[in-house]
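Number of protein chains: 2
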Amino acid sequence: MRTTVPRKQLADALGHVERIIPSRSSNPSLSLLQIDLNGRSMTLSGSNLDIDIEAKIPADVDSTSSLTYALPAHVFGQVVRALPGELVELTFGDNELEIVSGTYGTKLQLASTSSVTLLEFPLSYAGSLDAQKLSSALSHVRYAAAVAEYQAIFRGVKLELDDKKTRAIATDGFRLAYYNLPEASGLDANIVIPSRSVEEIIKLLGDGEVKLSVDNGQLSFANGPFRVNVKLMEGTFPDYNRVIPSTFPINVSVNSKQLAEAVSRVALMADKSANNRVDMFVKDGNLQITAEGSYGRSQEALEVQQEGKESEMALAYNAKYLTDALVAAEGDMQLRFSGTTSPSVFSSLKDPNYLAMVVPLRTG
Amino acid sequence: MRTTVPRKQLADALGHVERIIPSRSSNPSLSLLQIDLNGRSMTLSGSNLDIDIEAKIPADVDSTSSLTYALPAHVFGQVVRALPGELVELTFGDNELEIVSGTYGTKLQLASTSSVTLLEFPLSYAGSLDAQKLSSALSHVRYAAAVAEYQAIFRGVKLELDDKKTRAIATDGFRLAYYNLPEASGLDANIVIPSRSVEEIIKLLGDGEVKLSVDNGQLSFANGPFRVNVKLMEGTFPDYNRVIPSTFPINVSVNSKQLAEAVSRVALMADKSANNRVDMFVKDGNLQITAEGSYGRSQEALEVQQEGKESEMALAYNAKYLTDALVAAEGDMQLRFSGTTSPSVFSSLKDPNYLAMVVPLRTG
Chain A
0 MRTTVPRKQL ADALGHVERI IPSRSSNPSL SLLQIDLNGR SMTLSGSNLD
50 IDIEAKIPAD VDSTSSLTYA LPAHVFGQVV RALPGELVEL TFGDNELEIV
100 SGTYGTKLQL ASTSSVTLLE FPLSYAGSLD AQKLSSALSH VRYAAAVAEY
150 QAIFRGVKLE LDDKKTRAIA TDGFRLAYYN LPEASGLDAN IVIPSRSVEE
200 IIKLLGDGEV KLSVDNGQLS FANGPFRVNV KLMEGTFPDY NRVIPSTFPI
250 NVSVNSKQLA EAVSRVALMA DKSANNRVDM FVKDGNLQIT AEGSYGRSQE
300 ALEVQQEGKE SEMALAYNAK YLTDALVAAE GDMQLRFSGT TSPSVFSSLK
350 DPNYLAMVVP LRTG
Chain B
0 MRTTVPRKQL ADALGHVERI IPSRSSNPSL SLLQIDLNGR SMTLSGSNLD
50 IDIEAKIPAD VDSTSSLTYA LPAHVFGQVV RALPGELVEL TFGDNELEIV
100 SGTYGTKLQL ASTSSVTLLE FPLSYAGSLD AQKLSSALSH VRYAAAVAEY
150 QAIFRGVKLE LDDKKTRAIA TDGFRLAYYN LPEASGLDAN IVIPSRSVEE
200 IIKLLGDGEV KLSVDNGQLS FANGPFRVNV KLMEGTFPDY NRVIPSTFPI
250 NVSVNSKQLA EAVSRVALMA DKSANNRVDM FVKDGNLQIT AEGSYGRSQE
300 ALEVQQEGKE SEMALAYNAK YLTDALVAAE GDMQLRFSGT TSPSVFSSLK
350 DPNYLAMVVP LRTG
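Protein sequences, first through last, are from chains A and B.
Each residue of the first sequence is one higher than the one before, counting from 0 in numbering that gives the first Met the number 0.
Each residue of the second sequence is one higher than the one before, counting from 0 in numbering that gives the first Met the number 0.
No lab work stands behind these hints, which were simulated from the structure alone.
Hints are supplied without guarantee of correctness; some may be wrong.
As the list claims (entries may be wrong) - What follows is a set of in silico ranges between Cβ atoms, one per label pair, in the way DEER data are often shown: (1) Ala147(B) with Ala273(A): 38 to 46 angstroms; (2) Pro57(B) with Ala300(A): 46 to 54 angstroms; (3) Ser293(A) with Thr102(B): 20 to 28 angstroms; (4) Ser65(A) with Ser341(B): 51 to 59 angstroms; (5) Asp59(A) with Lys282(B): 32 to 40 angstroms; (6) Asp61(A) with Ser310(B): 37 to 45 angstroms; (7) Pro57(B) with Asp11(A): 33 to 41 angstroms; (8) Thr116(A) with Ser310(B): 48 to 56 angstroms; (9) Ala147(B) with Arg241(A): 58 to 66 angstroms; (10) Gly38(A) with Val326(B): 38 to 46 angstroms; (11) Pro181(A) with Gly223(B): 57 to 65 angstroms; (12) Gly223(B) with Pro237(A): 53 to 61 angstroms; (13) Pro351(A) with Val326(B): 47 to 55 angstroms.
No experiment lies behind these values; they were computed from the predicted model shown.
Quick reminder that beta carbons are idealized off the backbone N, C-alpha and C, glycines included.
In isolation and in its complexed conformation, chain A is listed as follows (with noise of 0.2 angstroms):
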């Protein structure tokens, strides 16, 4: 079985399989990549049982019939990666496959294939979405996602699916952050998909339609050259809606670069022992920034456009909350202070989708 498909097509559908695979696992078949040939099309596949991938390129095939091969995932990609040639020749023989390019030519073992776990993937999709908005939604959300917590659902993202919108939503129990897309998929479920996977979606989400499927646990979606199964969590996301404030006695508008730059400056003298800690203080248009640590103290104040019943208020962050919800977003944002040890909120002016929610530190 002998098959010609351009190095760049296979090296660049390899490597986003390749990072699904695992280099070692206890379990060796698991870092195996499965190779089918049918027909005009070569697929490549692989699990590392929370994401299963599927990348499907043309290729021109010397038979009809179908077969499957399998072998070790990053030496085939380490031999692709380097390959001479605009075009790679793969030859299927019983225990070897032979790659030709240019003036260069490798035998690799093939492994058996009776070890390897059959994927299997939906056959219709109920649902669908524009791809880069997806992407997107996920995107601005990920980073208020815990990384280590005692309850593994706040490691998660949530996605909620329903007739009206689609929405992502994270939080770690100190922050949040929301992007409400007001687009329908078809669908109608809540699923939460764990951080580490919700990376890997981001980086296969391509451009035109993603249709969507959500069964047995899992979320499966079908994208361009890419099929994938996500194994979703289990357990109950908190009621973030309750937690969210709707009065604000004081908010401020301010460019979230400009702010996110002053408030990384400033937190360079933060303690870092001690949350990070930067302190603001609103008052006359006025946004004042302080840190102070070991090492000494600073400040930056910035203009604001400030509005609201209260004419000032004194609030305490850690810092890198929030940086990451300033930076999620582009151009003005507008920071709503609901008071000195409640949430506050913050919006993007430019995009009405997305919203963060920090809860202040306390002070004293």
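Since the structure of chain A is already known, use the hints to place chain B on it.
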């Protein structure tokens, strides 16, 4: 005491000094940056005991007296890199340094200067060279120094300074590289520089002339804004001249980049635990490269210009030793083979100053 300096100039100089100063040390005073204000310049200095460095930058100082301050180098570096303005105003008080730039201000605690080691740099330099040429000589050979070896001297780069030449040499016992600059420095000395210090020297050397001095077990140099002392290694560097063969029954000419890429590709199949072995076979103007390991085998053939009294030769090498020696030079290279088990000598046809020697692996 107050001074104003351009931020970029301060950040660039500080970047180099900060790289030398350890961020943590069992001796906390070693992680301090010393700042001397004197007339119309500001001098930044520090040491890691192997290297002393000083960078002088022009500065508007509002006093003609000379004063010395000390503060944590890496905290100061972080602040300077983050400053928003083009200019930096530094005001030194008794206990604090106030830094103002644009809308941002910070006050850094100063450290006591009593614990700071006084660095001494030579008042005069007996030798000099073109800085870029010295940097090039060191850059061409450093790869051949040992990373870890039973004899410490192999972790150094030798510099032979006499009235005819300046030669840099490195060897780890299995390969060797030298770069023979046909220029006298005015010094007469054989010194061995630790390879980690060689990396720093290469980064510090800029344009123009570098003044040189060897005294008291250290190499001192001055180039651009920098004055630097480098502690030299003790011990006897191996007598490398006697191991370089002089008769070669076969030699070939080939493009070094092309050969290096082919060797890297073929070596993907080489067994990392068996010296990363690749085999070469020269015959009839053809250079065949092969490798074999547990994943499979690969080969590539290049056309070469072949000369010599023998018609063919088989050789085996550590692939990394081959590619290191090849990528250090550009353009066409001559590979001279003294025999299957005796050293091979590579020289650049474009740059006659460069020579590399690689000892083949014992086969069978």
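For each hint, the structure was consulted:
A hinted range of 38 to 46 angstroms for the beta carbons of Ala147(B) and Ala273(A) is consistent with their spacing of about 41 angstroms. Checked against the given bound of 46 to 54 angstroms, the beta carbons of Pro57(B) and Ala300(A), roughly 31 angstroms apart, lie outside it. Between Ser293(A) and Thr102(B) the beta carbons are some 24 angstroms apart, a value that agrees with the proposed interval 20 to 28 angstroms. For the hinted restraint 51 to 59 angstroms between Ser65(A) and Ser341(B), the CB-CB distance of approximately 55 angstroms keeps it satisfied.
Taken as a hint, the range 32 to 40 angstroms holds for the pair Asp59(A) and Lys282(B), whose Cβ atoms sit roughly 35 angstroms apart. Separated by about 40 angstroms at the C-beta atoms, Asp61(A) and Ser310(B) satisfy the suggested range of 37 to 45 angstroms. Between Pro57(B) and Asp11(A) the CB atoms are about 51 angstroms apart, so this pair departs from the stated range of 33 to 41 angstroms. For Thr116(A) and Ser310(B), the hinted distance range of 48 to 56 angstroms is satisfied, since their beta carbons lie about 54 angstroms from each other.
A hinted range of 58 to 66 angstroms holds for the C-beta pair Ala147(B) and Arg241(A), which are about 60 angstroms apart. Between Gly38(A) and Val326(B) the Cβ separation comes to about 44 angstroms, which falls inside the hinted range of 38 to 46 angstroms. One distance hint, 57 to 65 angstroms for the beta-carbon pair Pro181(A) and Gly223(B), holds here, with the actual separation near 59 angstroms. Distance hint for Gly223(B) and Pro237(A): a CB-CB separation of about 58 angstroms, consistent with the stated range 53 to 61 angstroms.
Against the hinted window of 47 to 55 angstroms, the Cβ-Cβ separation of Pro351(A) and Val326(B) comes to about 53 angstroms, which satisfies the hint.
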